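*Asks:* For reference, the chains in residue letters:
There are 2 protein chains.
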Amino acid sequence: MTLDDLRRDIDRVDEVLVRLLNERARCVCEIGKLKKELGIEVYQPSREKDVLRHVRAIASEGPLGPDAIARLFERIIDEARRLERRVVHGESDGAAHE
Amino acid sequence: MTLDDLRRDIDRVDEVLVRLLNERARCVCEIGKLKKELGIEVYQPSREKDVLRHVRAIASEGPLGPDAIARLFERIIDEARRLERRVVHGESDGAAHE
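These protein sequence lines map, in sequence, to chains A and B.
For the first sequence, position 92 (counting from the first letter as 1) is numbered 96 according to our numbering, and the numbering increases by one without interruption.
For the second sequence, position 14 (counting from the first letter as 1) is numbered 18 according to our numbering, and the numbering increases by one without interruption.
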């Protein structure tokens, strides 16, 4: 396999990753709407811990390993929280995390 | 759909995300080995820009949007570079980015 072949493989994986990240985000928006209806707080640290525990547990086989996977999911959760806040409060927390 | 249903959906998406992130990482390791053989530098900013341009271009349809997708991929690229360095130099840059 050449460098170009491998880069094409990565581009294809990235296309699926973008699709899945947006699918996840759509679930997060639905959760935001539900929480708004039910009057539940967006930030639920125990659920965030469960998500990290779950991905760590299934990450042990791959080359990234649990720590790198957890770092990436901390960011995914961060973006999810930002999106959910927008759904629930119409808030934009802008560039606060940059 | 209940909150629990939606959370189960997210857990399932996360499982596929972990699998894909590791599949991407395996390609990155192969690229690292090739670069080592060919004596090419790990850090190739023009390729990193291409990756970001690519994911931005396909991110416009979803709720996350191009900026959030690009932020997430900056982290994915960061982890990829860290892994590639380990493959090429046997380096560990440890907790330098934490």
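No lab work stands behind these hints: they were computed from the structure.
Fair warning: this is a prediction, and the values are worked out from it, not measured in the lab.
Glycine is no exception: its CB is placed at the ideal position from the N, C-alpha and C atoms.
Among the hints, erroneous ones may be present.
Stated by the list, open to error - No farther apart than 20 angstroms at their CA atoms in a straight line, the calculated lysine to aspartate or glutamate pairs in the EDC-like style are these:
{"#": "1", "chain 1": "B", "residue 1": "Lys39", "chain 2": "B", "residue 2": "Asp18"}
{"#": "2", "chain 1": "A", "residue 1": "Lys39", "chain 2": "A", "residue 2": "Asp54"}
{"#": "3", "chain 1": "B", "residue 1": "Lys39", "chain 2": "A", "residue 2": "Asp8"}
{"#": "4", "chain 1": "B", "residue 1": "Lys37", "chain 2": "A", "residue 2": "Glu27"}
{"#": "5", "chain 1": "B", "residue 1": "Lys39", "chain 2": "A", "residue 2": "Asp15"}
{"#": "6", "chain 1": "A", "residue 1": "Lys37", "chain 2": "B", "residue 2": "Glu41"}
{"#": "7", "chain 1": "B", "residue 1": "Lys53", "chain 2": "A", "residue 2": "Asp8"}
{"#": "8", "chain 1": "B", "residue 1": "Lys53", "chain 2": "A", "residue 2": "Glu27"}
{"#": "9", "chain 1": "B", "residue 1": "Lys40", "chain 2": "A", "residue 2": "Asp8"}
{"#": "10", "chain 1": "A", "residue 1": "Lys39", "chain 2": "A", "residue 2": "Glu27"}
{"#": "11", "chain 1": "A", "residue 1": "Lys37", "chain 2": "B", "residue 2": "Asp9"}
As the list claims (entries may be wrong) - Here chain A is said to cover these stretches of chain B; the calculated rule only asks that three of the stretch's residues, wherever they fall, bring their Cβ under 8 angstroms from a Cβ of chain A:
{"#": "12", "segment": "8–18"}
{"#": "13", "segment": "22–36"}
{"#": "14", "segment": "50–60"}
{"#": "15", "segment": "64–76"}
{"#": "16", "segment": "80–86"}
*Asks:* All hints, please: hold or fail.
*Replies:* Verification of the supplied hints:
Distance check on the hinted pair: Lys39/B and Asp18/B sit about 31 angstroms apart at the alpha-carbon level, beyond 20 angstroms; violated. Between Lys39/A and Asp54/A the CA atoms are separated by roughly 18 angstroms; this keeps the pair inside 20 angstroms, and the hint holds. Restraint check: the Cα-Cα separation between Lys39/B and Asp8/A comes to about 12 angstroms, which is no more than 20 angstroms; the hinted pair holds. A C-alpha spacing of about 33 angstroms is found between Lys37/B and Glu27/A, which places the hinted pair above 20 angstroms, so the restraint is violated.
Restraint check for Lys39/B and Asp15/A: the C-alpha separation of about 18 angstroms stays at or below 20 angstroms, so the hint holds. Simply put, Lys37/A and Glu41/B have alpha-carbon atoms about 52 angstroms apart, too far for the 20 angstroms limit, and the pair is violated. Simply put, Lys53/B and Asp8/A have alpha-carbon atoms about 16 angstroms apart, close enough for the 20 angstroms limit, and the pair holds. With a C-alpha separation of about 24 angstroms, the suggested pairing of Lys53/B with Glu27/A is violated against the 20 angstroms cut-off.
With a CA separation close to 15 angstroms, the supplied pair Lys40/B and Asp8/A stays within the 20 angstroms bound. The suggested pairing of Lys39/A with Glu27/A holds, with an alpha-carbon distance near 19 angstroms, which does not exceed 20 angstroms. Proposed proximity of Lys37/A and Asp9/B is supported: the alpha carbons are some 14 angstroms apart, at most 20 angstroms. Chain A is given as covering the segment 8–18 of chain B, and this holds because 7 residues of the stretch bring a CB closer than 8 angstroms to a CB of that chain, at least three being needed.
A stretch counts as covered by a chain when three or more of its residues have a beta carbon under 8 angstroms from one of that chain; for the segment 22–36 of chain B and chain A the count is 14, and the coverage holds. Residues of the segment 50–60 of chain B with a Cβ under 8 angstroms from some Cβ of chain A number 4, which satisfies the need for three, so the listed coverage holds. Residue count for the segment 64–76 of chain B with a Cβ under 8 angstroms from a Cβ of chain A: 8. That meets the three needed, and the coverage hint holds. Against chain A, the segment 80–86 of chain B contributes 3 residues with a C-beta closer than 8 angstroms to a partner C-beta. That satisfies the three-residue criterion, and the hint holds.
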